[in-house]
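Going line by line, the protein sequences match chains A and B. Counting from 41, one number per residue, gives the positions in the first sequence under this note's numbering. Counting from 345, one number per residue, gives the positions in the second sequence under this note's numbering.
Derived from the structure by calculation, the hints contain no laboratory data. Because the structure is a prediction, the values reported are computed rather than measured. Backbone N, C-alpha and C define an ideal beta-carbon position, used for all residues, glycine too. Be aware that a few hints might be false.
[As the list claims (entries may be wrong)] Okay, the calculated beta carbon distance ranges per label pair:
no., chain 1, residue 1, chain 2, residue 2, range
1, B, T346, A, S205, 48 to 56 Å
2, A, F199, B, S355, 46 to 54 Å
3, B, A435, A, S88, 35 to 43 Å
4, B, V577, A, D248, 42 to 50 Å
5, B, P439, A, S205, 30 to 38 Å
6, B, S355, A, D248, 53 to 61 Å
7, A, S205, B, F553, 32 to 40 Å
8, B, P439, A, G112, 56 to 64 Å
9, A, R177, B, P439, 39 to 47 Å
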Amino acid sequence: MQVVSLRSDAHTDAEPVSGRKSSGVDSAAAMIEIDHVSQRFQTSGKQSHLALSDINLTIEDGAFVSILGPSGCGKSTLLYIVGGFVQPTDGVAKVKGKAITGPGPDRGPVFQEFALFPWKNVLGNVMYGLRQQGVKRAEAEARGRKLLEMVGLKGYENFYPKELSGGMKQRVAIARTLAYDPAVLLMDEPFGALDAHTRTRLQNDLLDIWDRQRKTVLFVTHSVEEAVYLSDKVIVMSRSPGSIKQIVDIDLPRPRKRADLLLDARFQKYIVDIEKMIDDGGKDHL
Amino acid sequence: MTVRGVLKTLSPLFACIGLLCVWQIASLRLDTESSPTALEAIKAIPSILGDKGSLLNILDSIRRMAIGLVLAVMFAIPLGLLMGRIKAVAAFFNPLMMIIYPVPKAALMPIIMLWMGVGDVSKILVIFLGVSLPIIYHAFQGSKAVEEKMLWSGAAMGMSAPMRMLRIVLPAALPEILTGCRTGLVLALITMITSEMIARQSGAGNILFNSLDMAQYDTVFAMILIIGAMGIVFDAAFEKLRLSLVRWSQPRDDMPLSFT
Ligand SMILES: Nc1ncnc2c1ncn2[C@@H]1O[C@H](COP(=O)(O)OP(=O)(O)OP(=O)(O)O)[C@@H](O)[C@H]1O
Ligand SMILES: [Mg+2]
Numbered sequence: 041m042q043v044v045s046l047r048s049d050a051h052t053d054a055e056p057v058s059g060r061k062s063s064g065v066d067s068a069a070a071m072i073e074i075d076h077v078s079q080r081f082q083t084s085g086k087q088s089h090l091a092l093s094d095i096n097l098t099i100e101d102g103a104f105v106s107i108l109g110p111s112g113c114g115k116s117t118l119l120y121i122v123g124g125f126v127q128p129t130d131g132v133a134k135v136k137g138k139a140i141t142g143p144g145p146d147r148g149p150v151f152q153e154f155a156l157f158p159w160k161n162v163l164g165n166v167m168y169g170l171r172q173q174g175v176k177r178a179e180a181e182a183r184g185r186k187l188l189e190m191v192g193l194k195g196y197e198n199f200y201p202k203e204l205s206g207g208m209k210q211r212v213a214i215a216r217t218l219a220y221d222p223a224v225l226l227m228d229e230p231f232g233a234l235d236a237h238t239r240t241r242l243q244n245d246l247l248d249i250w251d252r253q254r255k256t257v258l259f260v261t262h263s264v265e266e267a268v269y270l271s272d273k274v275i276v277m278s279r280s281p282g283s284i285k286q287i288v289d290i291d292l293p294r295p296r297k298r299a300d301l302l303l304d305a306r307f308q309k310y311i312v313d314i315e316k317m318i319d320d321g322g323k324d325h326l
Numbered sequence: 345m346t347v348r349g350v351l352k353t354l355s356p357l358f359a360c361i362g363l364l365c366v367w368q369i370a371s372l373r374l375d376t377e378s379s380p381t382a383l384e385a386i387k388a389i390p391s392i393l394g395d396k397g398s399l400l401n402i403l404d405s406i407r408r409m410a411i412g413l414v415l416a417v418m419f420a421i422p423l424g425l426l427m428g429r430i431k432a433v434a435a436f437f438n439p440l441m442m443i444i445y446p447v448p449k450a451a452l453m454p455i456i457m458l459w460m461g462v463g464d465v466s467k468i469l470v471i472f473l474g475v476s477l478p479i480i481y482h483a484f485q486g487s488k489a490v491e492e493k494m495l496w497s498g499a500a501m502g503m504s505a506p507m508r509m510l511r512i513v514l515p516a517a518l519p520e521i522l523t524g525c526r527t528g529l530v531l532a533l534i535t536m537i538t539s540e541m542i543a544r545q546s547g548a549g550n551i552l553f554n555s556l557d558m559a560q561y562d563t564v565f566a567m568i569l570i571i572g573a574m575g576i577v578f579d580a581a582f583e584k585l586r587l588s589l590v591r592w593s594q595p596r597d598d599m600p601l602s603f604t
């Protein structure tokens, strides 16, 4: 299958992406700052649940950062806070030095639940963001088709979400977010429902896009291998309350080739080490 | 089309013919003056529809019904959608609706007539009241059920709150809204006839009761047939429209519950 990549000539605003770095002052390199953020949820029966406890984190502009951790440790919640969908009960989250007060097109989410628009067909879903932002139909459509080809859904343009499999929905959701070219991608287990082959292919495509456009990516996954393969930094979280257990810098050369890495002892060691960290966390709660 | 397909399409017709046959046999056995046979009733239909006065009366009824229905739709859909998304709006209107909902709207007719006379305004108002509540209710349910992540996706695309309401909540809730509208359409017909039976001045309901007063029983039954046919035609037409608008949401093999 030919992999069509998303070239920067497909959209005119590719330049500001590289120009971004010079815009800030002293926090020039920090894209996302999370400062003493806690999140408490009211649960039924007048109780409350501390989903995130005192999270501190700085993500540099153009960094690829993955979050690993047991189910329920607050990974999605952290992503929602950066997205501006949830206001933290404590602390501040900032993007480009400005406190986050709500969602914006600079941060594009890919939700665990896809959240496609069921009344729009596949192409309509992918074009949606561009159309809302006033991009002409022909232009939005051309870009939409290109993205669908990239995620391997050429020929499915006229299908409705109810007619797609889980993995296909996920790919539409990814294309829909990439379409409006956010500087930050917030991806919540985006490859979770994919078969191994498509998963590998989309991992490579994502690395490709990231390589060319240097988006900042915050990527939640349950696969240690995927996290190590893709990331500059892996954040390992633990549960009850959700907190950062450890941050691991992944010091592997780029561009990365999966075939080479699988044989690389350093790659294997990262995976073993991180798996152990998660395991230890697991024991605490059993 | 398969034999089964043909049978499925024609099944409503068979149901009609069956009912008419039962009626025919029953009235022949009863043989009283106040129960004309189905054939006699059907024979009376052309003379009603051929009479200019009666026809104008019936068209007048339809006009009032359409105005009441359209006004209700324009009022109820936005209100229901807002109630589903904004807690304060729901908190304000919910108790109000709880009180109004169980009151038969036709029972308000005498008061409304007292204030507004027996003309169009009273009748349209009653239709409006009768139709609004189910549509508000369904729009509310549909709007409440819209997946939050869908709205978040819209917000991340830079859509403002009113835009999200119009471009996400409305289409997402459309199947539910149209279910409400279908109920509303039938209720509009019912309220229309009822209002004309109370404010005896013009309309299909008035013809029906006048002929009852004058003991023209074949006309009475013919009118019932005409009104019933109107309901069936309106409902079937609306169902066609509804299906074409929400085909994206239909389960693959839906139970047919209508004349499609
Ligand atoms: N709206 C909410 N109301 C109450 N509790 C919530 C809410 N959202 C999340 N929580 C709680 O916060 C905790 C973290 O949830 P979150 O969805 O962020 O976990 P997660 O790490 O993404 O899990 P998973 O890997 O299963 O997706 C959970 O214990 C969950 O019950
Ligand atoms: Mg999650």
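Outcome of the hint check:
With their beta carbons about 30 Å apart, T346 (chain B) and S205 (chain A) fall outside the hinted range of 48 to 56 Å. For F199 (chain A) paired with S355 (chain B), a C-beta distance near 32 Å fails the hint of 46 to 54 Å. For the pair A435 (chain B) and S88 (chain A), the supplied restraint of 35 to 43 Å is violated, since their beta-carbon distance comes to about 23 Å. Judged by the Cβ atoms, the range 42 to 50 Å given for V577 (chain B) and D248 (chain A) is violated: they are separated by roughly 59 Å.
The hint said 30 to 38 Å for the Cβ distance between P439 (chain B) and S205 (chain A), and at roughly 45 Å that hint is violated. For S355 (chain B) paired with D248 (chain A), a C-beta distance near 57 Å keeps the hint of 53 to 61 Å intact. Separated by about 60 Å at the C-beta atoms, S205 (chain A) and F553 (chain B) break the suggested range of 32 to 40 Å. Roughly 38 Å separates the CB atoms of P439 (chain B) and G112 (chain A), a value that falls outside the hinted 56 to 64 Å.
One distance hint, 39 to 47 Å for the beta-carbon pair R177 (chain A) and P439 (chain B), holds here, with the actual separation near 46 Å.
Hint compliance for this structure: hints 1, 2, 3, 4, 5, 7, 8 are broken, all remaining hints hold.
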